[in-house]
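Undergrad: Going down the list, the protein sequences come from chains A and B.
No gaps in the numbering here: position 14 of the first sequence is 14 in the working numbering, and each next residue is one more.
No gaps in the numbering here: position 233 of the second sequence is 1233 in the working numbering, and each next residue is one more.
Bear in mind the hints are in silico, worked out from the structure with no lab data behind them.
For glycine and all other residues, C-beta sits at the position ideal for the given N, C-alpha and C.
Careful, some of the hints might be misleading.
[Unchecked claim] Some chain B residues close to chain A (C-beta under 7 Å, calculated; not the full set):
hint, residue
1, 1079
2, 1201
3, 1205
4, 1220
[Unchecked claim] The calculated SDA-like cross-link candidates involving lysine to any residue, where the alpha carbons are at most 20 Å apart (straight line), are:
hint, chain 1, residue 1, chain 2, residue 2
5, B, 1216, A, 159
6, B, 1216, A, 55
7, B, 1216, A, 147
8, B, 1216, A, 54
[Unchecked claim] Reference listing, derived: stretches of chain B covered by chain A, where coverage requires no fewer than 3 residues with Cβ under 8 Å from a Cβ of chain A:
hint, region
9, 1050-1058
10, 1104-1110
11, 1166-1178
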Amino acid sequence: MLHGYGPAILGGLWATLGVAAASLALACVFGLLGAVAKLSGVRALRWAAEVYTTLIRGLPELVLMLAIFYGGQTLLNSLAERHGWALIEIPPLAAGVGTIGFIFGAYLTETFRGAILAIPRGQAEAALACGMRRGQVLRRIVLPQMVRHAIPGFANNWLVMVKATALVSIIGLDDMVHRANLASAATREPFTFYMLIAGLYLAITTVSILALSRLEKRFSLGVRAVTF
Amino acid sequence: MIDWAVVTESLPAFAGGLRVCLGLLAISLATGLLLSVPLAVARVSRHRPLAGAVWVYTYVFRGTPLLVQLFVVYHGFAQFPALRESMLWPLLREAWFCAWLAFALNTTAYTTEIFAGALRATPHGEVEAARAYGLQGWRLYIRILLPSAWRRALPQYGNEVVGLMHATAIASTVTLVDITRVARDVYANSLLASEAFGTAALLYFTLTFTLVGGFKLLEWRFLRHLRPQRPTPAHAH
């Protein structure tokens, strides 16, 4: 039925999962930096983070991806020309992961900011009173407690992000969608292959929802649930 | 640094792209609104098979990428000779029709869940009071439940509209010449990334903030009863 393209599509599934996982890690870094910047006392940092989130959330993912992919390449080319370096070509994988991570970092900034604000102020104050330095307060007190509050927003962003990875096929990444494009063209059975990858995306979504709800339970162990 | 000649020369093309983007957004949103209200009512109904069927639809469409949905419609249906020879083919062959179908089905799924959530959040007392006045069945929905849910859904619906506007960029992958397609063409011809994508970004940015502002106005209007009231000045006697 798949004319031998099954393994190729499965290979694409791993590529998609790899891009998603790497982008998520990068997005978490950007998100944490953004959240800390938004809550910091330094005005310039707050402004930079504000510009970052507003800009990203005002533009389509595809346009940002194309702009960063082609714009980044143009920038690198002109830098290389000016300094006499060898031409560097951005690998599509780095471009895809970089842009998706950068985009969803903006969304995670808001999630993490809200989660940090949900922690009672007294926690950080008590830690400061115990003599911890600011970095220690963040690492030992704020971040571990933030996780529970961040999970619902985090789950949402992850689900949106997995679907956004489908766009990396447009900038030439060899992911599941790209493999399906090739298989459809070769076999003239586009419906079969696009439905197949739609099913695989649905499977990723379903597994993610189940896993994240368990994670939420795990992190809420110490919190008594409200019963109505 | 910026080659303004390239920008001005491409402006007419960008204007055409803007029209395609807005046209696609408008017809998809209109279809989505029309379909999602009855579907949301079905989704919260006590009729289990009906509610379940709507859930399956929204789950599938919210769990898969819009790009793949669009490809299934645009490339996929051509696989079936029966469809290619049917009366539907002149429509299914058109990129416009396929984009409309995929976008409308996609936004309907999200909007249905937004409205269903708002319906579920209806305060108990509102329904009881309406029942006490003898409202039942569809009258209860038209007069009380839906207007009340619409107000609660408005902020989230605004997000969905902005999201769909951003998603129209995906239509550029099936030969529709929208803003994104124009930007890619300008880039392909000039190799000037900031001119091509900067102009597109500016357009999308303007659209985003116009929509966000528009929904702020709608919320101002529809959520008037939640605004803090100015204290009425005491009567001077």
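Undergrad: Hint by hint, note whether the structure agrees.
TA: Status of each hint after checking the structure:
1. 1079: For residue 1079/B, the interface hint holds, since the closest Cβ of chain A sits about 4 Å away, which is under 7 Å.
2. 1201: holds (6 Å)
3. 1205: holds (5 Å)
4. 1220: With a closest approach of 21 Å, the residue 1220/B hint is violated.
5. 1216/B x 159/A: violated (27 Å)
6. 1216/B x 55/A: Given that 20 Å is the threshold and the Cα spacing comes to 19 Å, the pair holds.
7. 1216/B x 147/A: Between residue 1216/B and residue 147/A the Cα gap is close to 31 Å, so the pair fails against 20 Å, i.e. violated.
8. 1216/B x 54/A: holds (16 Å)
9. 1050-1058: Three-residue rule not met by the region 1050-1058 of chain B, so violated; n is 0.
10. 1104-1110: violated (count 0)
11. 1166-1178: With 7 residues close enough to chain A, the hint holds.
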